[in-house]
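Protein chains in written order, with my numbering: chain A, 21 to 366; chain S, 21 to 366; chain G, 21 to 366.
By construction, these hints were calculated from the structure, which means they are not laboratory data. Check before you lean on any hint, since a few could be wrong.
When chains are identical, the list treats them as one kind, so a pair holds in a single copy or across two.
What the hints assert, rightly or not - Below 20 Å or equal to it, Euclidean Cα-Cα: the simulated DMTMM-like pairs (lysine to aspartate or glutamate) are:
hint	residue 1	residue 2
1	K213	D225
2	K313	D323
3	K331	D170
4	K313	E54
5	K313	E63
6	K214	D146
7	K348	E360
8	K331	D316
9	K213	D283
10	K213	E99
11	K347	E182
12	K214	E99
13	K331	D314
14	K214	D170
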Amino acid sequence: MMLTVQDIAARLQGVAEGDAAIEIGGLAGLREAEAGELSFLAEARYQNWLAQTRASAVLVARDWSGACPCTVIRVDNREAACVAAAGWWAAPVPPVEPGVHPTAVLGRDVQVGEQASVGPHCVLGDGVRIGAHTVIEANCVLGAGTVVGDHCRLYPLVSVREGTRIGHRTLIHNGAVIGSDGFGYDRDGPRWKKIPQLGVVVIGDDVEIGAHTAIDRARFGKTVIGNGVKIDNLVHVAHNCQLGDHCAVAALVGFAGSTILGDGVQVGGQAGFSGHLRVGAGTVVAGRAGVIKDMDGGQFVSDFPAMPHGKARRMHAHVMRLPELKKKVDAMEARLRAIEGQGASS
Amino acid sequence: MMLTVQDIAARLQGVAEGDAAIEIGGLAGLREAEAGELSFLAEARYQNWLAQTRASAVLVARDWSGACPCTVIRVDNREAACVAAAGWWAAPVPPVEPGVHPTAVLGRDVQVGEQASVGPHCVLGDGVRIGAHTVIEANCVLGAGTVVGDHCRLYPLVSVREGTRIGHRTLIHNGAVIGSDGFGYDRDGPRWKKIPQLGVVVIGDDVEIGAHTAIDRARFGKTVIGNGVKIDNLVHVAHNCQLGDHCAVAALVGFAGSTILGDGVQVGGQAGFSGHLRVGAGTVVAGRAGVIKDMDGGQFVSDFPAMPHGKARRMHAHVMRLPELKKKVDAMEARLRAIEGQGASS
Amino acid sequence: MMLTVQDIAARLQGVAEGDAAIEIGGLAGLREAEAGELSFLAEARYQNWLAQTRASAVLVARDWSGACPCTVIRVDNREAACVAAAGWWAAPVPPVEPGVHPTAVLGRDVQVGEQASVGPHCVLGDGVRIGAHTVIEANCVLGAGTVVGDHCRLYPLVSVREGTRIGHRTLIHNGAVIGSDGFGYDRDGPRWKKIPQLGVVVIGDDVEIGAHTAIDRARFGKTVIGNGVKIDNLVHVAHNCQLGDHCAVAALVGFAGSTILGDGVQVGGQAGFSGHLRVGAGTVVAGRAGVIKDMDGGQFVSDFPAMPHGKARRMHAHVMRLPELKKKVDAMEARLRAIEGQGASS
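Next comes chain A alone, as it looks inside the complex:
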């Protein structure tokens, strides 16, 4: 869809400055935009990206003052304007047809709620219960006794092992695995003897789980993902972990067994947790941090082993000044030797 700058300004109740006849066919960030696209100045600190943008027009705050090489559109609320503009050029969301696709294979006593949809080639084990308005997309596999609440969406190729319980309004992205066996073995000489993984996974309401994230069932009892938790792609959640409500976990994070996060913990990408430990509510764990012991709540921790971020920064600064320290020590030693020489000669 092509819109002129003038059209856009009118739709957003904004004011165009510059060439208002230019045709715009998309929305992108300042550094990604190409000619014929609209961009936006999200925060003042990105101001210096304006000079190099290839965008044909940029959304700015009503009272913004600064130089811009292209047309600007002044709006009251850049955030709302962006969301509106994004919608004009969004990929069309495919419609969902309620009902069970004839190629799906259902076990005994499966219940599918009102207006729910089960896609082609899905396989639902005995006793599976799917809530109202929930969408199970193509080629998903749900084990016996799985319960999925209302208004959930499982994207294609998700697999859920037997006995898993999922709340309402939860989204699970392509390929995620819920309820796979935990990784537990006893030694038997040089061999490993499997410890049966007899528990389940319980996932709350309003949760979002990323593509290819794997959440293992508990050894016994349950692995718990609290309400409102958001997990990015390719995350590993081992058996018996408990993620408190509203935690947010970025991609490629690994939680070893029995890691317990309090409510509202945030975890940056590629961080790791060594298991059998507890992180207090509200703590922020930086990307790539390695947590190997209990952490109090309300902190910002980083580095490996994880420590308060201020301390980690100081340690890093000390390391980066090591060449200087070395030089200083060498110089001092020369001075010391000179003094010793004087002493000897005196």
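On the provided structure of chain A, position chains S and G as indicated by the hints.
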């Protein structure tokens, strides 16, 4: 299923101390348990968790002495008691029906062993051989010429590329990929030219492979996973790697091409191996370690680049004491300056 | 297939030295080869592996001089000889049958190009377009409006969300996910409010994407994978990233949102990028590096936070010499104290 503490004590031939009428509906760890659940004191070092547990009853050793806020059940063998108790509340394992599901698509000359099961929507290429009592769950795809031994289980959505050979009693969890192309290219000016990946993957007996683990086929020859190897979720095994018998590899580990592990090597989560290197038998590689050269057997190595763990600990301690060292050097310099001043004035 | 050393020498127009009657049944690296296999001396620096190889014959350069415990075959071009030999023992590549498998489920207005193949249990949404000679293997799911060019191959269980555009001659390995929602939320008190992910993914020509790699759709606009890009297994590419032409990315790398790589950037395994940053063309990012700010092109960077590799090496050397520095400072202090003592006594 609800059981009274008295029932539980009777089943475990144990002795209840405290309220034996409480009803119990599950088993969980001391820190995870809720009211109405049974827990256990696995090791003496977790004793201080007892005071805060919400469990309604706790399994302890027959001769244990200590304070507990709730009912205790004394048993001879806590480990065995736990395993028994876990079974009472385990998710029911769905039964497997032998035979090939009518929706599965089989190529030419496919052999399916006695009592084996091929689930809905599976696709088996020409010449695939499935051993006796092996279960291939829903929506798996096995390439031409794949051989799977007896008593294996492939969970849903596993894919295996052509020519892969899998031993007996091996478990492969949801979504694992076996035999994908290795990552190999030659330079061709600015372009990358694909090096054909002509080999296969060979997996031993009694192996377990985690959800979403990807094991690449060899450039030529074979990528080898030895007998009894256990691999957790989201692990990357590149082309031509060889994992010796009874290795254990935690989640999110990456092995670059031609990494060779001796027998019984253990690897912690998120560790990495830079390829074309060899780790001797029995070595333990700590979580997040980065191995970039050959390592002798029988060691415990950590850090990046990986080194003997004792050395890594000492280095880390030195770094953590850098502020102190810096302060000491500054103080020494002041003293030195004072001496030099005296010398000048004398 | 078994070949004698003599047969092999004849096929490769080489000269055998040693027992030419030995039967050979495969090709493998010097350290992986077993008796009855052929190996090769790829580079002079691997010469010392020759002494321990179990291979029965080794390909060497025509003019190579050195000791080898087994038969050697001298050839003009070891690389070409290896590729040829690898082909003799390669797993047979299964033939592809053009056309749409009867079990595939196609939406409205799907176009499948000449000689293209859509495998069993695939699901193609409305308006999907598949180019000529492209192969979509079993159990793939392609969302509405997806466009795949000519001569592509999607291996089994790949899923592609709506609106994705894929160029020509691109390979996507098993289980990869293209176009999943980006990970974006606004704060709403303790809760996270989902930011709609309205953009798409655009993938160029001659791209290769590894098993279980996940590439998220843009918040708006597009996530871009340039022409000739090669991505290994289990890589996370967040929303709005742009990978320039001919980048190469090893396994388990994570790109946070809006990371922009110039052309020809190379990234080692398990590296991470904190997002909203730009790496200049041709820069090499070492394995496990953590990039947290813009990087100029044409560099080799490593460590976390990433810095020029030479500097990172010097810093690491300084850290490894800390015990020595500490000892030196302690000794200097003793000497200082001695001088001060003399001063006091004088």
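Okay, the hints, checked on the actual structure:
Taking identical chains as interchangeable, the C-alpha atoms of K213 and D225 lie at most 20 Å apart only when they sit on different chains, with a minimum of 13 Å there against 36 Å within one chain. Proximity of K313 to D323 under the C-alpha cut-off of 20 Å is found in both arrangements, the shortest distances being 13 Å within a copy and 17 Å between copies. In this assembly of identical chains, the alpha carbons of K331 and D170 never lie at most 20 Å apart, being 46 Å within a copy and 55 Å across copies at closest. Proximity of K313 and E54 under a CA criterion of 20 Å is satisfied in neither setting, with 48 Å inside one chain copy and 23 Å between copies.
Only between protomers do K313 and E63 lie at most 20 Å apart by alpha-carbon distance; the minimum there is 18 Å, versus 37 Å within a single protomer. For a Cα distance limit of 20 Å, the shortest separation of K214 from D146 qualifies neither inside one copy, at 26 Å, nor across copies, at 33 Å. Both within a single protomer and between protomers do K348 and E360 lie at most 20 Å apart by alpha-carbon distance, with minima of 18 Å and 16 Å respectively. Only within a single protomer do K331 and D316 lie at most 20 Å apart by alpha-carbon distance; the minimum there is 15 Å, versus 29 Å between protomers.
With identical chains, the CA atoms of K213 and D283 are at most 20 Å apart between copies only, with a shortest distance of 16 Å across copies and 35 Å within one. Proximity of K213 and E99 under a CA criterion of 20 Å is satisfied inter-copy only: 14 Å between copies versus 55 Å inside one chain copy. When the C-alpha separation of K347 and E182 is checked against a cutoff of 20 Å, the pair qualifies neither within a copy, at 64 Å, nor between copies, at 60 Å. In the homo-oligomer, the alpha carbons of K214 and E99 lie at most 20 Å apart only across protomers (14 Å), although the nearest pairing inside one protomer, at 52 Å, exceeds that limit.
In this assembly of identical chains, K331 and D314 lie within 20 Å of each other by CA distance solely inside one copy; the values are 17 Å within and 24 Å between copies. Taking CA atoms no more than 20 Å apart as the test, K214 paired with D170 passes between copies only; the shortest distance there is 18 Å, against 36 Å inside one copy.
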